[in-house]
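First to last, the sequence lines map onto chains L and D.
If you're matching positions, the first sequence starts at -2 in the working numbering and goes up one per residue.
If you're matching positions, the second sequence starts at 15 in the working numbering and goes up one per residue.
Simulated from the structure, these hints should not be mistaken for laboratory data.
It should be emphasised that the depicted structure is a prediction, and the values quoted were computed from it without experimental measurement.
One or more hints might be untrue.
Claimed, not checked - Straight-line C-alpha distance at most 25 Å; calculated SDA-like pairs for lysine to any residue:
| no. | chain 1 | residue 1 | chain 2 | residue 2 |
| --- | --- | --- | --- | --- |
| 1 | D | K175 | L | K118 |
| 2 | L | K75 | D | P216 |
| 3 | L | K118 | D | P216 |
Unchecked claim - Far from chain D by the CB rule (all over 12 Å, computed), these chain L residues:
| no. | residue |
| --- | --- |
| 4 | I33 |
| 5 | G100 |
| 6 | G132 |
| 7 | E207 |
What the hints assert, rightly or not - Here are the in silico distance ranges between beta carbons for each label pair:
| no. | chain 1 | residue 1 | chain 2 | residue 2 | range |
| --- | --- | --- | --- | --- | --- |
| 8 | L | K118 | D | K89 | 18 to 28 Å |
| 9 | D | K99 | L | D209 | 27 to 37 Å |
| 10 | L | D144 | D | I131 | 36 to 46 Å |
| 11 | L | N31 | D | Q241 | 13 to 23 Å |
| 12 | L | K181 | D | R245 | 24 to 34 Å |
| 13 | D | E152 | L | H146 | 36 to 46 Å |
| 14 | L | H178 | D | K99 | 38 to 48 Å |
Cβ atoms here follow ideal geometry from the backbone N, Cα and C, with glycine treated the same way.
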Amino acid sequence: MALTREQIAQRVAQEVQDGFYVNLGIGIPTLVSNYIPDGIEVSLQSENGLLGMGRFPTEDEVDADMINAGKQTVTLNKGAAIFSSAESFAMIRGGHVDLTVLGAFEVDQQGDIASYMIPGKLIKGMGGAMDLVAGAENIICTMTHADRHGNSKLLPKCTLPLTGMACIHRIVTDLAYVEIHDGKFVLKERAPGVSVEEIVSKTAGEMVVEGDIPEMKLA
Amino acid sequence: MAGLDKVVGSYEEAMAGLEDGMTIIAGGFGLCGIPENLIAQIKKTGVKDLTIVSNNCGVDGFGLGILLEDKQVKKMVSSYVGENKLFEQQLLAGELEVELTPQGTLAEKMRAAGAGIPAFYTATGYGTEIAKGKDTREFNGRPYVLEESIKGDFAIVKAWKADRHGNAIYRLAAQNFNPMAATAGKITVMEVEEIVEPGELPVDQIHTPGIYVDRLIQGTFEKRIEQRTVRPS
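The task is simple: from the sequences and hints, build the whole structure.
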C-alpha cells in the first residue's frame, strides 16, 4: 500500500535527531512536526525569522505580528528567538540548519530539484526554497513517486525549471525511501506491501537495487 | 524637523518627493509588519511606474495590492507573489513585470545596499533560471552567482516603537525584512505604533539605529491577518 501523507511525514520524522534545528516546508513537510518522537527536543526554523516555532494559537492567542513562513498565525515555544529575514537566511545559507524537509515536483538522479514553477501555469515564485536547497547539507525531499497520471517524478533529468542543482540526496515518497549516490537513485526501503518491481517501474531514472530491500517501519 | 528629531507631521510630508518611476523598498512579510499607512499614502499620491522591492505584493484590497488598483506599479521584485487576482490579471496582460528573486537573496540585496556592498556571491540559484546572464565564480570548488544589491529612492518600513531620533524596535515576527529595508533607501520613512522620547528605549535592544531613518511618523494599524489558523482552546 502506498503511504498516506501522514505516513510519509512519519517516516521523515524518524530522521529527526535530538537537538536538531529543522526547517519544514509547506505541505507534507509541515506534518512531520506531528510525529517527532517523545523525548526528542527540536527547534523549528521558519524562514520569515523564527526559531522555536510552536503550535497554532488558540483564538485568544492570535497575534497579527506572529506568523510563520506560510503566513499562518502561530505561537512560539519557550526558548524561541526572532530575528530579521537577513539573519534567517544567513543561518540557512550558512549551513546552520540541521535538517530541511521540502516538497518537489521532480527530482533527478543528479540530485537536481524542480519545485517552484510549471511553465504555462501562473508563476508565484520560489520564496525561500532556492536558498534552502543551496544552503542545507541535509535535505529530505517528500513527494509522491508518480503524478496522478502515473508519470514518474524521479527522473533521469528534471524537465521543469530547477530550484537547485545537485542538492538532493534523500527522498521519501509514498512508495519508497530513496537515496542518491554517484548520479543514481538507490532504493533503501519500500513502503509496507509495495514491491521492488512496482517502485522500479514507477522510477523513470536509473534505480540501483542491491540485496533485500527492507520494508519501512512505521509505528 | 530639527536636529536629530525625525518626526514628521503628516503622511503627506512623510512621502513628499516621491515621483513617477521611482524605486521603493518595502519591509514586511505577507501582510505582517507592512507599512500599511505609507502604502495607502503612495496610493493617494497617484504616482506611477513604480518599481517595488518587497517579498510579497499584499492581497487584493490591502497592503501593496492596493497600488495595483490604479496601475501604479510597473515592476515588482519579489520572492513570492500572486496572492491577489489583480496581480495575476495585470501580469498576464503584460501591464506588470515581475523579477522573481529568492527570498534570502532579496534580503541580502537590501542588506548589502545599505552596507555599501554593490554585489555579493551566493550559491542560491546557481544552475537555475535566476542565474541566467549573471556572473558566476567558483570558491573552494563550489559555484556561486554574483547578485547585485538593490537601493531604493525610498524605503518604507514599519516598526513597533521608535524614539524621536528613529531608534526603533520591531515586535515579534513583524521584524522580517524591515531592518534591511530601513538601510536601503536614499530616503527611509518609518511608521510606528508609538513614538517615545529619546532615552526611553533600552539602548542595547535597538534593532534599527536612527541613523538609517530620515522621517518618522506614528500611525494606527489594521494589521490584517492573511491566514488565521487556530487550534481549539
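Notebook entry, point to check: Once the closest CB in chain D is found, is it more than 12 Å from L/I33?
Noted result: holds (17 Å)
Margin query: With the threshold set at 25 Å, check whether the alpha-carbon distance from L/K118 to D/P216 stays at or below it.
Written below: Not satisfied, since the Cα-Cα distance of roughly 50 Å exceeds 25 Å.
Check: Taking 13 to 23 Å as the hint, is the beta-carbon distance of L/N31 and D/Q241 inside that range?
Finding: About 19 Å separates the Cβ atoms of L/N31 and D/Q241, which means 13 to 23 Å holds.
Check: With d taken as the least Cβ-Cβ distance between L/E207 and chain D, does d exceed 12 Å?
Finding: holds (29 Å)
Notebook entry, point to check: Has the hinted range 36 to 46 Å been met by the Cβ atoms of L/D144 and D/I131?
Noted result: At roughly 43 Å between Cβ atoms, D/I131 and L/D144 fall inside 36 to 46 Å, so the hint holds.
Checklist line | Restraint check for D/K175 with L/K118, where alpha carbons must lie at most 25 Å apart | finding: Judged against 25 Å, a Cα distance of about 42 Å means the pair is violated.
Notebook entry, point to check: Is 38 to 48 Å right for how far apart the beta carbons of L/H178 and D/K99 are?
Noted result: At roughly 45 Å between Cβ atoms, D/K99 and L/H178 fall inside 38 to 48 Å, so the hint holds.
Check: How does the Cβ-Cβ distance of L/K118 and D/K89 compare with 18 to 28 Å: does it lie in that range?
Finding: holds (21 Å)
Check: Per the hint of 27 to 37 Å, is the separation of the Cβ atoms of D/K99 and L/D209 within bounds?
Finding: violated (53 Å)
Notebook entry, point to check: Beyond 12 Å from every Cβ of chain D: is that where the Cβ of L/G132 lies?
Noted result: violated (7 Å)
Item checked: 25 Å limit on alpha-carbon distance, applied to hinted pair L/K75 and D/P216 -> holds (23 Å)
Notebook entry, point to check: So does D/E152 sit 36 to 46 Å from L/H146, Cβ to Cβ?
Noted result: With a Cβ separation near 40 Å, D/E152 and L/H146 satisfy 36 to 46 Å, so the hint holds.
Violated hints, in rising order: 1, 3, 6, 9, 12; the structure is consistent with all others.
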